[in-house]
Amino acid sequence: MNEAAPGSVTVLVADPDLAQQQRVSACLRPRFRVITANTLAETSQMIMQNRPGVLLIETDMPDGDGKSFIKQLREQPALRQMKICCVTHRSGVRDKVAGFQAGADDYVVKPINEKMFLWRVVLLTRLR
1 MNEAAPGSVT
11 VLVADPDLAQ
21 QQRVSACLRP
31 RFRVITANTL
41 AETSQMIMQN
51 RPGVLLIETD
61 MPDGDGKSFI
71 KQLREQPALR
81 QMKICCVTHR
91 SGVRDKVAGF
101 QAGADDYVVK
111 PINEKMFLWR
121 VVLLTRLR
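Numbering (our numbering), first residue to last: 1 to 128.
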């Protein structure tokens with residue numbers, strides 16, 4: 001799904017939960033171009049086709065581990081500038097540390113507060 005906010009940063013929302021995708025997309029759409037993916041395979045394809053500035057990824061994807069996927073992305077020089085945020089129900093300290101160790105720039109625990117979440121994504125884009 002492509003929702004255009006002309007001239008804005010592209011944000012890829014990778015989450016198998018369609019309701020979560022819709023919540024996050026609606027929250028971000030006024031400021032960003034939002035695209036979505038349901039699996040890691042789709043996420044990889046969308047990254048190659050669209051080169052998003054920000055990836056918001058659920059760590060528990062149906063076809064693999066989001067943290068391992070983040071590590072793979074960080075190994076690719078062309079993708080190192082992309083900002084990555086884990087958005088997940090996993091709230092333990094070990095989970096958060098593992099997300100950051102994998103290469104995430106931020107970690108947000110669901111359910112999200114839309115207003116705070118928007119500003120966290122805005123901040124990620126400023127860190128470029």
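Errors might be hidden in some of the hints.
[Said to hold, decoys possible] Derived DSS-like pairs (lysine-lysine); straight-line CA-CA distance at most 27 Å:
(1) 71 x 110
(2) 115 x 96
(3) 110 x 96
(4) 96 x 71
[What the hints assert, rightly or not] Label pairs and their calculated CB-CB ranges:
(5) 19 x 77: 16 to 26 Å
(6) 30 x 94: 31 to 41 Å
(7) 77 x 26: 28 to 38 Å
Read the hints as simulated data drawn from the structure, not as lab findings. Note that this is a predicted model, so its numbers are computed, not measured. C-beta: ideal position from N, C-alpha, C; glycine also.
Hint-by-hint comparison with the structure:
1. Between the alpha carbons of residue 71 and residue 110 the distance comes to roughly 22 Å, so the proposed pair stays at or under 27 Å and holds.
2. About 21 Å separates the Cα atoms of residue 115 and residue 96, which keeps this hinted pair within 27 Å; it holds.
3. Restraint check for residue 110 and residue 96: satisfied, since their Cα atoms lie roughly 13 Å apart, inside the 27 Å limit.
4. Between the alpha carbons of residue 96 and residue 71 the distance comes to roughly 14 Å, so the proposed pair stays at or under 27 Å and holds.
5. Under the hint 16 to 26 Å, the C-beta atoms of residue 19 and residue 77, about 35 Å apart, miss the expected range.
6. Here the CB-CB span from residue 30 to residue 94 is close to 35 Å, well matched to the stated 31 to 41 Å.
7. Roughly 34 Å separates the CB atoms of residue 77 and residue 26, a value that falls within the hinted 28 to 38 Å.
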